Amino acid sequence: MVLVLTAFFLVLFWLANHFVFRDLASISPPRDVNVDTRTFVGAFLTGLAMFATLFLGVVLAVFLTLGVVSGDAERGLLQPLVVRPIGRSTLLLSRFLGAAGVCIVYVLAVYFAALLITDLTGHWHPHRIVEPGLELAGAVVIVIAVSLLGSVVLSATANGIAVFMLFGAGLVAGLLGSIGHALDSHAIKHASIIASWALPFEALYQDGLRMITEGASGLTGFLLQLGPFGGAYVHGWGIRLWAVAYLAIVVAAALVSFSRRNL
Amino acid sequence: MPVALAVRGLSKNYGSVRALRGVDLDVAEGELVGLLGPNGAGKSTLVKIAVGLVRPTAGTAEIAGARAGSHDARAALGYLAELFRFPGWYTADEVLELHQRLSGSRGGAAERARLLELVALSDATHRRVDGMSKGMQQRLGVAQALVGEPRVLLLDEPTSALDPVGRRAIRLLLEELRGRGVSVLLNSHLLSEIELVCDRVAILLGGELVAAGTPAELSQPKGVELETDEGTRTIDGALREDVPRLVAEAVAAGRRVYGVRVLTSTLEDVYLEAVGGETS
Chain A
1 MVLVLTAFFL VLFWLANHFV FRDLASISPP RDVNVDTRTF VGAFLTGLAM
51 FATLFLGVVL AVFLTLGVVS GDAERGLLQP LVVRPIGRST LLLSRFLGAA
101 GVCIVYVLAV YFAALLITDL TGHWHPHRIV EPGLELAGAV VIVIAVSLLG
151 SVVLSATANG IAVFMLFGAG LVAGLLGSIG HALDSHAIKH ASIIASWALP
201 FEALYQDGLR MITEGASGLT GFLLQLGPFG GAYVHGWGIR LWAVAYLAIV
251 VAAALVSFSR RNL
Chain B
1 MPVALAVRGL SKNYGSVRAL RGVDLDVAEG ELVGLLGPNG AGKSTLVKIA
51 VGLVRPTAGT AEIAGARAGS HDARAALGYL AELFRFPGWY TADEVLELHQ
101 RLSGSRGGAA ERARLLELVA LSDATHRRVD GMSKGMQQRL GVAQALVGEP
151 RVLLLDEPTS ALDPVGRRAI RLLLEELRGR GVSVLLNSHL LSEIELVCDR
201 VAILLGGELV AAGTPAELSQ PKGVELETDE GTRTIDGALR EDVPRLVAEA
251 VAAGRRVYGV RVLTSTLEDV YLEAVGGETS
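Quick mapping for you: the protein sequence lines, in order, are chains A and B.
Heads up: the first sequence at position 3 corresponds to 3 in the numbering used here, and the numbers run straight through without jumps.
Heads up: the second sequence at position 30 corresponds to 30 in the numbering used here, and the numbers run straight through without jumps.
Hints in this document: simulated from the structure, not taken from any laboratory.
Treat the hints with caution; some may be incorrect.
[What the hints assert, rightly or not] Derived lysine to aspartate or glutamate pairs resembling DMTMM-like cross-links, with alpha carbons at most 20 Å apart:
{"hint": "1", "chain 1": "B", "residue 1": "K134", "chain 2": "A", "residue 2": "D184"}
{"hint": "2", "chain 1": "B", "residue 1": "K222", "chain 2": "B", "residue 2": "E241"}
{"hint": "3", "chain 1": "B", "residue 1": "K134", "chain 2": "A", "residue 2": "D72"}
{"hint": "4", "chain 1": "B", "residue 1": "K222", "chain 2": "B", "residue 2": "E195"}
{"hint": "5", "chain 1": "B", "residue 1": "K222", "chain 2": "B", "residue 2": "E157"}
{"hint": "6", "chain 1": "B", "residue 1": "K222", "chain 2": "B", "residue 2": "D236"}
[As the list claims (entries may be wrong)] Cβ-Cβ distance ranges computed for the label pairs, FRET-style:
{"hint": "7", "chain 1": "B", "residue 1": "T125", "chain 2": "A", "residue 2": "M1", "range": "28 to 36 Å"}
{"hint": "8", "chain 1": "B", "residue 1": "R168", "chain 2": "A", "residue 2": "S89", "range": "37 to 45 Å"}
{"hint": "9", "chain 1": "B", "residue 1": "T125", "chain 2": "A", "residue 2": "N262", "range": "29 to 37 Å"}
{"hint": "10", "chain 1": "B", "residue 1": "T214", "chain 2": "A", "residue 2": "G98", "range": "47 to 55 Å"}
{"hint": "11", "chain 1": "A", "residue 1": "I249", "chain 2": "B", "residue 2": "S70", "range": "22 to 30 Å"}
In this text the structure is predicted, and so the values were computed from the model without any measurement.
We put the beta carbon where it would ideally sit given N, CA and C, even for glycine.
Just chain A, with the same shape it has in the complex:
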């Protein structure tokens, strides 16, 4: 079902690319507006594809992990397994690695398929191709870790709701950041930056968006920065290292919580 829906999304994305780039030839901006329409459209559509890929990846991640502990324990699936010598930590790490493996492959496959579609239909691709995909995959892996931790302390339904609310909060914070920069509002920018550090999956996604628009300069770059798939206001190695540390902390918290949980 996931594959069918993904194929459906990619077909829709291909149609969007096909018609947008076909009609692009007939659009001519005013002479005094120096906008590279192909770059603008290509980066915008790729940003849209990254958002959709992140969303699909997060949906897959949450449904793979939302009931790993509480859900499986309520159904009686977990108890026969955890009393085996393999132990709780190995079991939880296995579930984490399994879900991460599936989601990384999925996210990278959809991301590169979207890039290929844009390249084939619009003859445009971002200057940096691999890094945004890796950051997108990293963002989904962080969501997996958060969902695993949630599954230790919350019921499956509550965990699913909580993780999607966190995901939504991150996206809203990112959009607020764009608005804050457009309005030059210090308070909104500050809130967005705090949210990016608190929810680094959002920061990684924003950093990936930043990288696909990096090649756009002048007015084209400025317009892309203003849009929903534009700038990142927390980026670089600092947030990447924090994302790795955050992941390690969340996984460790999940392992400790699981080791102490009554089943």
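Chain B: place on chain A using the hints.
Below, chain B without anything else, positioned relative to chain A:
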């Protein structure tokens, strides 16, 4: 006799609810102990602490000398939970193979075939769990608990979904396991089952151990029944030692004696007396 399961001063609180209150219990090697009690008495909590699923508030539990929940303890035990489920898309053989891998058993296909035969599931080796009746799944659960030849077996209501034939099969299996030196703690509501197979019985009530001993030790004398040509009469308070005297007196009185039976309380009587008719 070496102790396979040792529980000392075990207490467990769930918030304000005291599920266990300082329980002491031993299961010796090769011994089959039945755990009885009304719903909410703490039986499942005790078993869950012993297998490491639940952390005690106070006290200790050891399996084969290792702290409950430790690697060595988990390596020595087999467990059937009261409520359990296997992935529906697995076949019976795949369930056992998974548990062989998790427990490090090297028994391979031969062990799986033997276990499925033990629980009368040889015909369902390649049947998916989804396609099995509840009784078949419970028998598969028992087979799963036996993977890796555990030294200690903790079974929480292993026959609750079985028909009389299935129960008998499990009873015979337990007797066979005892013969091989496996220690078993059997948590069951079925008094007749406990009475038939268990060496000792422990009765929990409100989280406390209120009675423990062999079925014979727990049972109380209830008199002697004497069948003569005048009919059957019960002499209350008479003991086994009184039988020769009672028969001699009856014969001396010119009665023909056809039968004598020493009456003792059943496990059900003992249980009801211990729990005071409590249920929940």
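Structure-inconsistent hints, enumerated in ascending order: 1, 5
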